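Q: Each chain, written out:
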Amino acid sequence: MTPSKSLIPQVSGAKIRSLSFMLVSSIALVACASTKPAQPVVPETVAPVAAANAEAAPTVAPTAPAASSGVASAPLAPAAPAPDAGQSDAMNAGENLSPFASIAEAGERVFFETDRFDLTDEARSILTRQAAWIRANPGKRVLIAGNCDERGTREYNLALGARRASAARDFLTSLGISPDRIETVSYGKERPIDDRPNPEGWAVNRNAHTMLLD
Amino acid sequence: MTSHFLSFLPLSRAVRALVTGIVLALACLTPAFAQLNVSVTEGHRRPMPIAISDFSGPHGSSIANAVRDNLARSGLFQVQNPDSFLQRDMDVNVAPRFADWRVIKTEALVVGRGGVNAGRLRVEFRLWDVYGESQMLGLEFSTTDENWRRIAHKVSDAIYRRLTGEAGYFDSRIVFVAESGSRTNRVKRLAVMDQDGANPSYLTDGTEQVLNPRFNAQGQQIVYSALTDRGIKIWVVDIETGRKEAVAIPGNMAFAPRFTPDGQSIIFSADRDGDVDVFIKSLRTGKLTQLTRNPAIDTSPDMSPNGDRIVFTSDRGGSTQIYAMNADGSGVRRLTFGEGRYSTAVWSPKGDLIAFTRQLGGQFQIGVMAADGSNLKILAEAYLVEGPTWSPNGRVIMFQREGGPGQSPSLWTVDVSGTNLRKSPWSGPGSDPGWSAILP
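These protein sequence lines map, in sequence, to chains A and B. Residues in the first sequence are numbered from 1 upward in steps of one, following this note's numbering. Residues in the second sequence are numbered from 215 upward in steps of one, following this note's numbering.
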């Protein structure tokens, strides 16, 4: 992602200078009782937060932001319908041959109803094909990202996306895939793939997306 | 007091005596100006006409313009067009020709001037009651020259307080997410600006998607979450130094952070195998405490200003609603029962009201209710509105708004009275506003 041009200057830290704004004097020309000097509108000093900050330092790990490399982010390829024979092959435990060349070919996204995280029959079918590929590629790990449409609040949707990713993961582990080979994440409503602001677009954006790691 | 004030003004003794004499004479003829006040609670039945003459000295007209804009946007004042002014020879130390100002039917008048003294900008102003022919307020502020806008905001806050009896909110800042890029490849950068949209600056470069930034009560730190391919992390940034630190939390998904009112802890939600619960982490000791234990979604926590209650969003009852609990997680009580889905509850600065987002009938709404969930009132509605944040005085709510399908989000404000809905002067796409306290 590249930021678009903007007129805003880039700065390392927005400055709020501690302007010791001084209430130098209350101007009072009028000698009536009703013109008492105004209350100071400015507190004199800032409450020191530096101490708290310094004490916090040991508990706050100065970690770098998570690396954004290593996640396959190829555009969505249309899922090929799985051959029946392939699916039954895949279900054979111990069979190391996947009928799918990639997760994308197995079907990389499963879709959800509005505000739901339970798997549809179609979703289970796609996840079963994903399991076949994962089983046939023992060295590989996957990341499942839960996604939501734009018709929810941001933080709720992050939670809902986590549920969707976990539902997909739980189904894969129920098929015998080791949980160690699956990472989950939620993108909430932050990474839609369909920009149509209508029920068709929203349906596409409610998904769990399985991607190859490493 | 009079002589103290005059002592630093370069006035001749004769002028000093004259000014004092005139104003004393005028002021003592007229009754107090009790009639000149503005109600901030009832909506604005009749905005008060106020004239702000251009200040003399450095940044004089710019300061006057910033004050005019602030007062006009509050909805409580009818700010007079300077072209209509009859008296132009304003002197901050001479009483105005009140009759001239009554001609244009202004009730309040602001006169000011600036000067540079020892490298600092000093601005003094007086607020006059035009019909009472008396001074209501006279103050002076000083700062460095480049911070002249903050003087304009301090002046605005002083006028607002004098005329409404309530604290102002103009000398404050907004942290928000500046958005750019297409809807399917959104760049979301942490940004800060003055309450009136001036002095915007970025704090992150856009490589990660910044969500839900909030100030601490002291206004010097911002907590936010940043989404990357592999997870979402909570960060604290010091806006003076620009230093950022990740808050260490087990797991790869921690989000919806807010500072506790004392600034010593962060309350947030985190995912454990698809179960999102509310946690609190002390920034002093590092202690992490789980506050909700429920298989449902529990998120968007906010601690009350006195620190004893926490509101949060949960779907434990089947639909998404707002709940409250004690600071230790006990005493959970559901607050909302009406139609629709409720979320993003946030306490007012006084702790008497809770603002929230509601989804109803395909629309989103911003509303407020009492701390016990009663007296619910809807303030704004659109295709998408969410994420309310309170002005420091609790009179205005800012939120994110998309007017219709496919529109970019922008920042809007509405008064708690339900009136004065308007777009923020910040012109770009923006979301997730967080309002600071009044600046130090």
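Note that these hints are calculated values from the structure, not bench results. Watch out, some of these pointers could steer you wrong.
Unchecked claim - Negatives, chain B to chain A, calculated, CB over 10 angstroms:
1. T513
2. D586
3. G620
To be verified - Pairwise CB distance ranges (calculated):
4. B:E380 - A:D180: 57 to 67 angstroms
5. B:N520 - A:G139: 54 to 64 angstroms
6. A:A136 - B:T499: 46 to 56 angstroms
7. A:S102 - B:A286: 35 to 45 angstroms
As the list claims (entries may be wrong) - Stretches of chain A that chain B covers, calculated by requiring three or more beta carbons in the stretch to come under 8 angstroms of a beta carbon on chain B:
8. 124-133
9. 154-163
It should be emphasised that the depicted structure is a prediction, and the values quoted were computed from it without experimental measurement. Even glycine gets a Cβ: it sits at the ideal position worked out from N, Cα and C.
Q: Could you run down the list of hints and mark each one as holding or not?
A: Do the hints match the structure? See the list:
1. T513: 5 angstroms, violated
2. D586: The assertion about B:D586 holds, with a minimum of 22 angstroms to chain A.
3. G620: Given that some Cβ of chain A is not farther than 10 angstroms from that of B:G620, nearest at about 4 angstroms, it is violated.
4. B:E380 - A:D180: 57 to 67 angstroms: 58 angstroms, holds
5. B:N520 - A:G139: 54 to 64 angstroms: 55 angstroms Cβ-Cβ, so the 54 to 64 angstroms window holds.
6. A:A136 - B:T499: 46 to 56 angstroms: 49 angstroms, holds
7. A:S102 - B:A286: 35 to 45 angstroms: 60 angstroms, violated
8. 124-133: violated (count 0)
9. 154-163: holds (count 8)
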